[in-house]
Structure formats: C-alpha cells, structure tokens
Amino acid sequence: MKHIISALVENKPGVLAHVAGMFAARAFNIDSLVVGRTEEPDLSRMTIVVIGDDRVVEQVRKQLAKIVPVVKVQDFVGQPVVARDLMLIAISAPAAKRPEVLSLIEMFKGKVVDIGQKFVMAEISGPEAKIEAFINVCRPYGIKSVARTGTIAMPRQPKTEV
Amino acid sequence: MKPRSTLPAGSAGKSSIKTGAEIIVETLIEQGVDTMFGYPGGVVLPLFDKLYDAPINFIIPRHEQGGCHMADAYSRASGKVGVVVTTSGPGACNLTTGLATASMDSVALVALTGQVRTELIGNDAFQEADTTGITRPVTKYNCIVKDVKDLARTIREAFHIASTARPGPVLIDIPVDVSVTRCASDGTEKMELPGYKVRTKGNSRQISMAAKAINQSQRPVLYVGGGVISANASEQMRSLAEKAHLPVTTTLLGLGSYDQNRAESLDMLGMHGSAYANYAVQECDLLIAVGARFDDRITGPVKSFAPHAKVIHIDIDPASISKNVRVDIPVVGDAKIILEALTKEVEFRERKEWFARIAQWKEKFPFRYDRNSSAIKPQYVIEELCGQTKGEAIITTGVGQNQMWAAQFYRFSRPRQLISSGGLGTMGFGLPAAIGAQVARPDATVVDIDGDHSFNMTMTELSTAVQYELPIKVCILNNGYMGMVRQWQELFYNKRYSKSYVSNPEYAAVAEALGAVGITVDKKADVPKAIKQMLAEKRPCVVDFKVEREENVWPMVPAGKSINEMDGLDILESIA
Ligand SMILES: Cc1ncc(C[n+]2csc(CCOP(=O)(O)OP(=O)(O)O)c2C)c(N)n1
Ligand SMILES: [Mg+2]
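Each protein sequence line maps, in turn, to chains A and B.
Numbering follows my numbering, with no gaps: position 77 of the first sequence is 77.
Heads up, my numbering is the position in the second sequence plus 162, with the first residue counted as 1.
Derived from the structure by calculation, the hints contain no laboratory data.
We put the beta carbon where it would ideally sit given N, CA and C, even for glycine.
Do not rely on the hints blindly, as some may be mistaken.
Claimed, not checked - Partner residues are not named here, just some residues of chain A that face chain B (Cβ under 7 Å, in silico):
id : residue
1  : 14
2  : 21
3  : 25
4  : 63
5  : 66
6  : 68
7  : 70
Isolated chain A, as found in the complex:
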C-alpha cells in the first residue's frame, strides 16, 4: 500500500543525508521524496511516498522520527489529503500535430510554458494518476523529456456542518 509521509525537519545541512541514508540502510523503498522550505525559516518539509505493508511503513515512520533533526512525522494514510505532483513535459508537436497536442494540454488543465519548432513544453500538476494519464496520452506523439517533482501533500481541513 502507498503511504504519504510528511516529515518536518530542521533546515540544516546533512539532514537529507541522514534521511536518505536511513532509507538505504534499512532497505526501505522510497517512491518519491520532495524537500522544500516551509513558512518557518528553520524548518523544511520532506514529503516521502513509501510503498509497503503496514508493519514496514510503521517502522519507516518510527525510524524517521528517531533521526535527531527530524522534528515531526505524519503518515497521511487513511486521512483525506490533497496530494499533488508537478511535471514539466516536452512533447513532440510538429505543425500538423500541434493543435491536437495543445488541446490535450488544455483538457488536462495544463499550461503551455514553452514552444519550440518541434516541441511544446507543458506544465501539468495534479494527483499522480492524472500526471500518469497525461504521459500516456502523449506517448503516441512522442515525448522528448519529462521532469517530475514527486508528491507533496497536505491534509484537508475539517469541514464545518452546514
């Protein structure tokens, strides 16, 4: 099962090495890992997608929490969350095919961020499944390259009763 784990870490050199090293040493598989700053200058957030059974992911959570500069660890599994990936994708789009490609991008609520002679670069964000779907529909046209961020996520706020 896929778990999105969010870890608040001290914004210090070496933290990423501590985290990545722990995953390697304990033979846990990372599906994706994203690090970025937060609203607090001293803290960064790592969003780590891990695939494993509950026991393994429980260990991942505990071992992460044990790392000294890791301040807080949450496993979002079973919670309503907003999870998003961001992708830049360069798609082959010669003049004849260009309208089709542009309309696909539009269908996926993507943004065209660069247009060259042969290629169009699009920016697509959304749940991972949407990103995968877009890649699949683009395949027949030819994909030059893809750059993806991996998942970031945030739990949804509790809704008030109407």
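Keeping the supplied structure of chain A fixed, place chain B with the ligands upon it in accordance with the hints.
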C-alpha cells in the same frame, strides 16, 4: 546520565574570547569528562595543545579502533559517557569499527574528529575523508561544526544525545580552522534540539495492562536485555521478578542484571543459550521483554518464537517495538520508572507447576563439559577463574566460542560486570575493552576472556596497558583455530577447515616483550596455579591456555531452527 548543566565555577556567564580548541576542552570538562582516549594528528594539534595541561586523564591507544573500544568499555563499566578523539582521514576511518560496535550495543559515546580546513573540504585534501558520510550509519547522530559559535552548543547536544533515550555514539567533526578561530563564549549556549524527544514515564494504562497480564499468567518469562543495565534499572527489575515471582532469562548483554546464582535465573537464552531458557520461552504464556530487541540470535525464525506467548515489551526506543516480533502490550519509556510503577501493580503468584517444570529442565540440561578429560577444557578455565574471582571480576571477551563459554560458565551477579560486543560481534574487542574498563574501575579485577584469533586483532594494545600500568588480565583460550568458524565448518561444511586458522605467536613471549607478564599453560593441573598467579600480578598479565582444540559450544540452535530445536543436548546428556 543527565548532562551536567552546572558549569565550572567562574566560567559561567562570564563571556570571554576563546579559541575553538579552548571551547572544546572547557565544554568537555563542564560535561564531567575527566578521562578520554585518543590519538593525535595534524588537524587536531590545536586541540591537543589545549589538552597538554587540561585536568583530563588521557589514554593513547596504539590504534584508534582500540581507543574507541576503550572509550566504549569505559562507558559500559562506569555508566558515564566515553570520549574518544582522533585526527581526520585515517584517524577517523579507524574509528568506524568501534563506532559500529558501540552503536549496535547502544553505548553512550562521544567521538571528536579533526577535519581539514573548511575551505579545503571536498577537494581531496591531504588526510581528508568524508567522516560524517562514513560514520552516519554507525552513529546515533553526527554532524560537522563549521562555525566556532556553534561548537559549545553542539558538544553539549552530543553528550545529551549520546546518553539519553536509547544511548549511542555521537560524532562531531571539527575542521582545524574552527579549532583556532576565536569567538566570545560565556559557557551558557543552550541546546537546540527541536527534533529530539525523550519519553521516560511510560503510559500508565499500558502499565496496568501489563500488570494484569502478569497477574493472570501461569507461565511467564522475564526476558531482559542490555537496556536494563544502561537504564540502571537492574534493581527495579529484580524487585519486579521477586514480587511477581518470575523466572528471568537475559541476553548476552543483559548478563549481570540478574544474579545467576538464584534459582529463578534461567541464564542466557538464544543460539547458545541454556536449554532451560529456550524451552521456557517456547512454552511460556507471557513473555515480558525489558530493554531487549528480539535480535535474530535470540529469536531464531520469529514465526515460531514464543508461539504461545502474549508479549509485553518495555523499551525506551519506540522503533524497537514490533520491529521483529509482534508486541501485544508495548510500554515506551525509561525501564527504571516503568518497572517501578509495574512492580506496584503486580501480585505474587506461586506458579508451582511452572517452576517445577523449569527446575526439571535445569536439572536435565545444565551447561556441561567433560570434567574428566585430561586436556584443558576451555570451560574449565572459566569455571576456575569464576571460582577464584568469586564471580566478582569484570569480564570482557573476544568473539566466538570464547565469548559464548564466558557467557555460559562465568556466573554474573552484578550489572556492568560483563562487557562484550554483542550486536556487532567485533573480534578484537576484548583487550581494549579490558583496558577501558580498568581505567573506569581502577580497583576492580578486570579479566579479558579471549580467543587466540580475536586477541591477534588488537594485541598491540597490550603495550597501552603496560604504559598506563593497568593490571588487566588476559586469559587466551588458545585452541589454535577461529574456533566458532571451525565449529560451523565441522557441523555444516563436512569438517573442511577452510582458512580458519593462522599461525599464532608464542603469546607469553609477546606479552613479555611488550612489558607485560606472560604465562603459558599446557597442563590441566597447572590451570589453578596459573590463574592464581595471574590474579596476584600487579602488571598486565597474559595467560596462554592451550585448550582442547576441537571443543564445541553446546547447545546450539542451528540457523533457521526454532530455539527449542537445539543441537548438542544428547552430547550434554552423555557427559553427565
Ligand atoms: C572482526 C571480525 N572478523 C570476523 C569475524 C567472524 N568470526 C566470528 S567468530 C570468529 C573466530 C574467532 O576465533 P577466536 O578469536 O580464536 O575465538 P574462538 O571461537 O576460537 O574461541 C570469526 C572469524 C568477527 N566476528 N569479527
Ligand atoms: Mg580460537
């Protein structure tokens, strides 16, 4: 082991300009350090200059690995934080085995390493190594200090992290320019560890559940690990065992926490544990693990480990809970506090049948060897040593058969009495460990029960013992083999003794050449006399016991078998 917050008189609050090296020494003293181990080199010269007249007892090993084992054993013997310092590159690299040993056995250690100048880092400078990179997986925490302003705080943090929660080694890498840079320091820079939390108290509901389970249990076993010793909770554990009337088995590192001379002692469990401990665990209805981590040398295949038992696990490390074996009642916190609370809630139960069953196993399968043999049996040497030291010596060990026999045949009764590399199984640990323990406990009798090949690995440290006039004793159980390797080859590789021996020197001559006393014993009748002489020696003393060459350690749980499926019980019975 709380870090000292009190500062040496006169320095607190008074800000003055100091060099990094001065700050290091002052902060070490503030943390209560009066002894350290280490080896100099270019980038730590500023620090060593400050150590020249510091009030710190400094032991120089012959190899940094030895120094690290010494600091480790110093910590295990005293309960204080061990400190080791080395130069960059080769010095730091030589620490790794020692750090891994301490890490696996949860030993409180602070290692300081010098590093090349900050601006040279990453340039493959002379004696540069990525020390934090190399040691990250074998430390509880490590970091590099690039700004002298962070130095005092980081050292305080290191002592705090090393000695609290589940203890472990912490390494601080210090570039040489940081050691010589001056900065204002008033000795009060506070720790900043937002991500480091120590849970001590233990959830009271979980404790009550554990008490209820104990009170209801017909066939309980208390399974005690090294955590009870590092938590200084042996007393509390004994009270619990006594009040609730529980049989007690320990891991290798747990030996000494419970008096093995008591009837309720099941001695050590696991691969070379006692038959009665292993049978009891396999039949128990409740296993109460305290400060133990269900290592594979204890459990065998986890699926068939303690198959009828409900499991209580008391541990300071949440990540230890349900890591290997599924736990029914976890209690996270300080063993001392939790055991105290738990003892209040348990009731005495006679458990006549259970203790009768245990007594039968104990009667039938004690640790045994052939006393009538004319050869020197290694077990006999240990029994004789135990007798002559009244079971009160501090014992360190090598790794292999010697280590298992020491665990089986010496009778431990006090915590911190056995100092052995359990988790990593580091050959060569015994001699430097004896030195570290003797430094910590100058008046104690410290004996290294060693293997010949283990001793070969670090015997150069004998010279250290001589220099510092440490009257350590070494009993080499010299079988001329890497005995444990040979045993496996005998049992599982058709007696093909492939590369499992080297040509050994005459140890007595080596000892004498290094300034120690050397004794060779090749007759059984000479064993008591040699041990007597060894114990009376004021100088370090090495006794080379030429023991039976192909003796095996029994019982033995073969790899992949459940712990009640021991080999060698027939052999033990046939000796009786
Ligand atoms: C540093 C190291 N290298 C290799 C091993 C593997 N090993 C475990 S026991 C052993 C043999 C130990 O021989 P010796 O010290 O003579 O002890 P004995 O078993 O004969 O008592 C070896 C090679 C180890 N534990 N540590
Ligand atoms: Mg040997």
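Going down the list of hints, with the structure as the test:
At a threshold of 7 Å, the smallest CB-CB gap from residue 14 of chain A to chain B is about 6 Å, leaving the interface hint in force. For residue 21 of chain A, the suggested interface contact is upheld, since its CB lies about 5 Å from the closest CB of chain B, less than 7 Å. Checking residue 25 of chain A against chain B by beta carbon gives a least distance of about 5 Å; that is within 7 Å, so the hint holds. At about 5 Å, the closest approach between the beta carbon of residue 63 of chain A and any beta carbon in chain B falls short of 7 Å, and the interface hint on this residue holds.
Proximity of residue 66 of chain A to chain B holds as hinted, the smallest CB-CB distance being about 5 Å (cut-off 7 Å). The beta carbon of residue 68 of chain A is positioned within 7 Å of a beta carbon in chain B (closest approach about 4 Å), and the interface hint is therefore held. At about 5 Å, the closest approach between the beta carbon of residue 70 of chain A and any beta carbon in chain B falls short of 7 Å, and the interface hint on this residue holds.
Consistency note: the structure conflicts with none of the earlier hints.
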